[in-house]
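Enquirer: Okay, here's what each chain looks like letter by letter:
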Amino acid sequence: MISFQDPTPYANPETPDKLGQLTMLASTFSDVDALFYFVMATCVFFFVLITVILGYSVIRYRRRTEEQPAASNTTHHTMLEVVWTVIPLIIVMVIFAWGWKGMNDMSVAPRGARQYKAVAKQWNWTFFYPNDPGNSVNELWVEVGKPAAFTLESTDVLHSFYIPSMRVKRDVVPGRLNTLWFEPTQLGTYHMFCTEYCGKDHSVMYAKVHVVTKSEYEKRPWDQEDPNPIVNGQRIYSQLCKACHTIDGNKLVGPTFKDLWGSSHVVQLANGSQETIKVDEAYVLESIRNPNLKKQPEYMSQAMTQFDAAVLPDRRVNFLIEYMQTLSAAGGEKK
Amino acid sequence: MTTHAPIQTTAHNAPQGERKNYLNCTTGFWSWASTLDHKRIGVMYLVGTSLAFLAGGLFALLIRLHLWKPEGALFDNATYNQVFTLHGVFMVFMFIIPAIPGSLGNIVLPLMLGTKDVALPRLNLLSFYLWLGGTLMALYAILAGGFDTGWTFYTPYSLYTDKAVVAIGLAVFVLGFSSIFTGLNFIVTTHKLRAKGLTWFRMPLFVWAIYATSLLQVLATPVLGITVALVALERWYGVGIFDPRMGGDPVLFQHFFWFYSHPAVYIMILPAMGVISEMLTVHSRKPLFGYKMIAFSSLAIAVISFLVWGHHMFTSGQSTYAMFAFSFLTFFVAIPTAIKEFSWVATVWKGSIALNAPLLYALAFLIIFAIGGLTGVILGALSVDIHLHDTYFVVAHFHYVMMGSTALAFFAGLHHWWPKIFGKMYSEFAAKIACAIIFVGFNLTFIPQFVMGSRGMPRRYAQYVPEFEVFHQWSTIGAIVLGSGLALMVVYLVQSLFAGKPAMKNQWGGVTLDWETPTPPPLENFDHPPVVTREVYDYSTVDFKAMRTPANTN
Amino acid sequence: MSDHAHHSVVIPAPGPGFQDHVVAHHFDTADQEFDACKLGFWLFLATEILLFGGLFAAYFYFHQMYPETFVACGRTLSWKLGALNTTVLLLSSWTMAMGVRSAQTSQKGKLLVYCALTVLGAAIFMVVKFFEYSAKIDHGFLPGRFFTDPAGELAHLEYPNMFFSIYFTMTGIHGLHVLIGAALIIWIMFGAKKGRFHAGYYLPVDLVGLYWHLVDLIWIFLFPLLYLVP
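Chains as they are written, first to last, in our numbering: chain A, 1 to 335; chain B, 1 to 554; chain C, 1 to 230.
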């Protein structure tokens, strides 16, 4: 289970948390909040009006004797009916126009917005940076005050890119390229959720959005590698493999990594024939690039997601291999 | 056969002793299983849909208990995904859509129209068996591996997941036809089988509501039928129209699905609104304010409901023109709805208000539906919807209109027509307590969901960030309270069947034709076909004596 | 199961060889029964149109997405066989209408003949369909995941499988309705032999006729869309 660290502050620390408040706003889309509070206020007004009238009626006009007739048999009041049709109509048209305008402003990224790419797959996010060879998994760094535009890709099913504090959301549709943009205004770390149901680990397809200063951003914080390859390998395991492979010997969606490295297995090929393989560098790399080619028979019904070289370059596969080697008591071949 | 005699109010010429009614005129399992009597069919629907409601409610309780802890308290993620799917599928397809039309509609509509039965009784029985068949198919689907797609079956996940999606898809197809044939039957009955003198504008508003619902059932449900059929075919031979790997478009599925499912939510709420109209007029002993406007609003809602389906898809990457159109039209549907709500309040104002159980449930509806409808307005605003879509805010909104409104209206109607259907009365005291508990429990369950939804808590999550823990826990407590209120309701209602006081001939002083039959009604409802000579909801003619006289006396 | 003593409305047989018709007891008059059933059936036909409407919508959407594919694949269909089927169905609609007329004029023998001819039309339609499908199967032009195209005739196109998926699904579901319609007409023939249908009561023949006309109408839309537009 992924642990959610560094929770987003849900209120401005300087002001107390009020129940009706939206999550803290960290982008330029304050119009959303303004419209939300306006509609809320209108709703509260009508709700109170209705409740008060009903409450009063029920007490004042209560039937006290069985034969008590209604206090009035009025069934029409043209003026009243016109008023309660026209006024709501005007109000909703205002709400519509305001919402439409806000939507329009949110649709078109400003010229010069930085172009990022977010690739969603079951069940993690990979972010690609403008004019940069690096990528990061489940963590996104953006610079404060700079509009960031995203192209959204999915390699499998529907997902949705949602950063509550930025007030943005767009579905990630396989076969399509949706886009969105936002301009972060406050430093900090914010939640990002997948918010279109996508299967088993939909609820833990979580990413952290770091809004950093210009100097921080220029250090390319997304491409930090630990000097120890095994630490990098373990990180990769946590981000990309953990959902389906355990390290404690239990079977999950796929085989456990415990004692996997260096072991020999019978695998089944696509044409049904079987062969014996050893779990070595070549097999691990093949399982990542072309996962469903050679699998142990008991895992034939489960499809493994594929990771191409853009998402998981060869050198990172090697980190993972080094980590896997530490999980095998037999040791296997060390590089 | 037609006469100009006044309406028969009591069984003046019935024999001494207990009069035979539709419940006891024949006995034995087969007499029920092969019945063509709309009242018996309605009772069977009542039992069936209530069991579906209890099953759906059980799944809901499991969800809320699981969500007590941020890391999930009961299940692993995959199992949770099946539980919330089951909750949605059972509630939507096996309870909410069929419940009011199938039970109250079947029993009361022909009575209100002054006729012997619906136009096509054998089709009516078939509709029930399709409901039952679809439900059994759904149970089979659970045993055959279950399904974890959400009740919305979005592609391509529903095409790839290795679960019994074909089985449940076909179950939904069958259930859809149950709904279609019910609607078809009611349309024909309303057009062709009205009593003499019962013009369209003398019909009770419940009939108008069922009629509008029936139009939606007949015209919208086939689209659901073809959609689930296509998903089943996709999984079988890979039709490909929804699968991006075959050149298809997942968003096309959403368009197909919501083209039905948006009108479907009006299939759910329109009968409820019809029930509420009846509750308010009878228990305030006052004609409905703005009768014609309420009637036309029902039709307007039915028509407009076909034009707004895209508001479920604002974040899917629609064109700005589509967003403009769908948001604009969505606000239009708010207006007839507002007209109804205000008209109902104006009906209660200056009435003679008896705080009976049906009216208490109706008042609860008015308050809860106000919240549900108003939060719909919030969601219709494009820029705000971007933030709130697929969060718990939406979950809370639709529970306010589906559970808080439709289910509550169903309970109101059940309490109102219970004496007519069964000839027994339940404990008023227990009913009032249950209503209060349900009202409190319901709000406690769902108000925290509005708050956390606006703060970003996504839907369909088996685990969540710890900030939302307090809201989830209050919601779970509310669910337990709500469940207790519902359990109490079931207990005293069932108890009334065995040990309840006899109902009165006209328990509440209603003046529509359904209160002119004996209680419970005989097989063919009326001894002589009624002729209607007065306008609807004319309370100057309430028979107070019938209100005080037990039904099984002469 | 009823314990009432209402008289039932009966429409008497017009002569020997025919049966009386007892109006269902919940109806007051025979006209009410006729009107109610007719309205109900029209509503049912509306649902069928909406069901097919979804398929037509899918066709239009993908034609617009992959226009070259749809034009090229459409050309692989034999418009001549399609036209033959269209003619056959149109003729069978005429024979069915004549059948309804025969029922309305209490002509039992003619009713049986026209029904038989209509069923024959349905059978010819299905046989032609069989030949068409076989031809497609030979080329490997199968729906969905069974699409192979071993000769690579359509390999230059984007997603040719999509056209054939839609083609087979639409014509397949339509073919299913042809079979259902034929079965209903055969049922009418059994009833006709017993003399159930005559000038006083021809409702079932009328309704089955309507169903058959719908089946024909759907094909009238399918044929140009799939065969002629390319």
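What the hints contain is simulated information worked out from the structure, not anything from laboratory work.
Be careful, since some hints might not be right.
As the list claims (entries may be wrong) - Rough simulated footprint, nothing fancy, chain B against chain C, three-plus residues with beta-carbon under 8 Å:
(1) 53-65
(2) 108-117
(3) 160-172
Even for Gly, the Cβ is constructed at its ideal location relative to N, Cα and C.
Enquirer: Taking beta carbons only, do three or more residues of the region 160-172 of chain C come closer than 8 Å to chain B?
Expert: holds (count 5)
Enquirer: Mind checking, does the region 108-117 of chain C have 3 or more residues with a CB under 8 Å from chain B?
Expert: Check failed, 0 qualifying residues.
Enquirer: Quick check: do three or more residues in the region 53-65 of chain C have a beta carbon closer than 8 Å to a beta carbon of chain B?
Expert: holds (count 8)
In terms of the numbered hints stated before, the structure departs from hint 2 and from no other.
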